[in-house]
Amino acid sequence: HIPRPPNAFILFRSSFIRAGAVPARVEPSHATLSAIAGLTWAALPPVEKGRWHARAKMAREAHRERFPGYAFRP
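Each residue of the sequence shown is one higher than the one before, starting from 1 at the first, in UniProt numbering.
The hints are simulated quantities; they were obtained by calculation from the structure and are not laboratory data.
Computed from a predicted model, the values in this text were never measured in an experiment.
Yeah, the Cβ is synthetic: ideal placement off N, Cα and C, and Gly gets one too.
Treat the hints with care, since some could be wrong.
Computed Cβ-Cβ distance ranges for the label pairs, DEER-style [to be verified]: (1) Pro28 with Ala71: 17 to 25 Å; (2) Ala71 with Ile10: 18 to 26 Å; (3) Glu27 with Ala54: 28 to 36 Å; (4) His53 with Arg18: 28 to 36 Å; (5) Arg66 with Gly20: 23 to 31 Å; (6) Arg25 with Phe72: 23 to 31 Å; (7) Ala71 with Val26: 33 to 41 Å; (8) Ser14 with Arg66: 15 to 23 Å; (9) Ala43 with Pro6: 18 to 26 Å; (10) Arg18 with Lys57: 16 to 24 Å; (11) Met58 with Ala19: 15 to 23 Å; (12) Ala42 with Pro6: 16 to 24 Å; (13) Pro68 with Pro28: 31 to 39 Å; (14) Ala71 with Arg25: 41 to 49 Å.
Build out the structure end to end from the sequences listed, making use of the hints.
Structure representation (structure tokens):
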């Protein structure tokens, strides 16, 4: 199984959670963490989102090099 390359939000969410941006008193379920990250993502200025989109593009290119024949098939 080859995983899909991460998109901009997935990269942001991963970094957001790793940075400890969510207070410890919040329930640490994936759904709760994703909801908080989603609200934060929606409030980001376009310039900041652009940085995450650039990172996603780099991840996509690295994925393409690593798995040249990959095609997403749900």
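**Message:** Verify the CB-CB distance for Arg66 and Gly20 against the hinted window 23 to 31 Å.
**Reply:** Given a distance of about 30 Å, which is inside 23 to 31 Å, the answer is holds.
**Item:** Supplied distance hint 18 to 26 Å, evaluated on CB atoms of Ala43 and Pro6
**Value:** 21 Å, holds
**Request:** Could you see if the CB distance from Ser14 to Arg66 stays within 15 to 23 Å?
**Result:** 18 Å, holds
**Prompt:** Do the beta carbons of Glu27 and Ala54 sit within 28 to 36 Å of each other?
**Reply:** 32 Å, holds
**Request:** Take a look at whether the Cβ-Cβ distance between Ala71 and Arg25 falls inside 41 to 49 Å.
**Result:** 43 Å, holds
**Message:** Against the range 16 to 24 Å, how does the distance between the Cβ atoms of Ala42 and Pro6 compare: consistent or not?
**Reply:** 18 Å, holds
**Request:** Go ahead and decide if the range 31 to 39 Å is satisfied by the Cβ distance of Pro68 to Pro28.
**Result:** Given range 31 to 39 Å: holds, Cβ gap about 38 Å.
**Request:** Return holds or violated for the Cβ distance of Arg18 and Lys57 against the range 16 to 24 Å.
**Result:** 21 Å Cβ-Cβ, so the 16 to 24 Å window holds.
**Prompt:** Between Arg25 and Phe72, does the C-beta distance stay in 23 to 31 Å?
**Reply:** 38 Å, violated
**Item:** 33 to 41 Å as the expected CB spacing between Val26 and Ala71, which holds or is violated
**Value:** Holds - the Cβ-Cβ distance for Ala71 and Val26, about 38 Å, lies within 33 to 41 Å.
**Request:** Determine whether the Cβ-Cβ distance between His53 and Arg18 falls within the hinted range of 28 to 36 Å.
**Result:** 19 Å, violated
**Item:** Assessment of proposed distance window 18 to 26 Å (beta carbons of Ala71, Ile10)
**Value:** 19 Å, holds
This entry does not satisfy hints 1, 4 and 6, going by the numbered hints stated previously.
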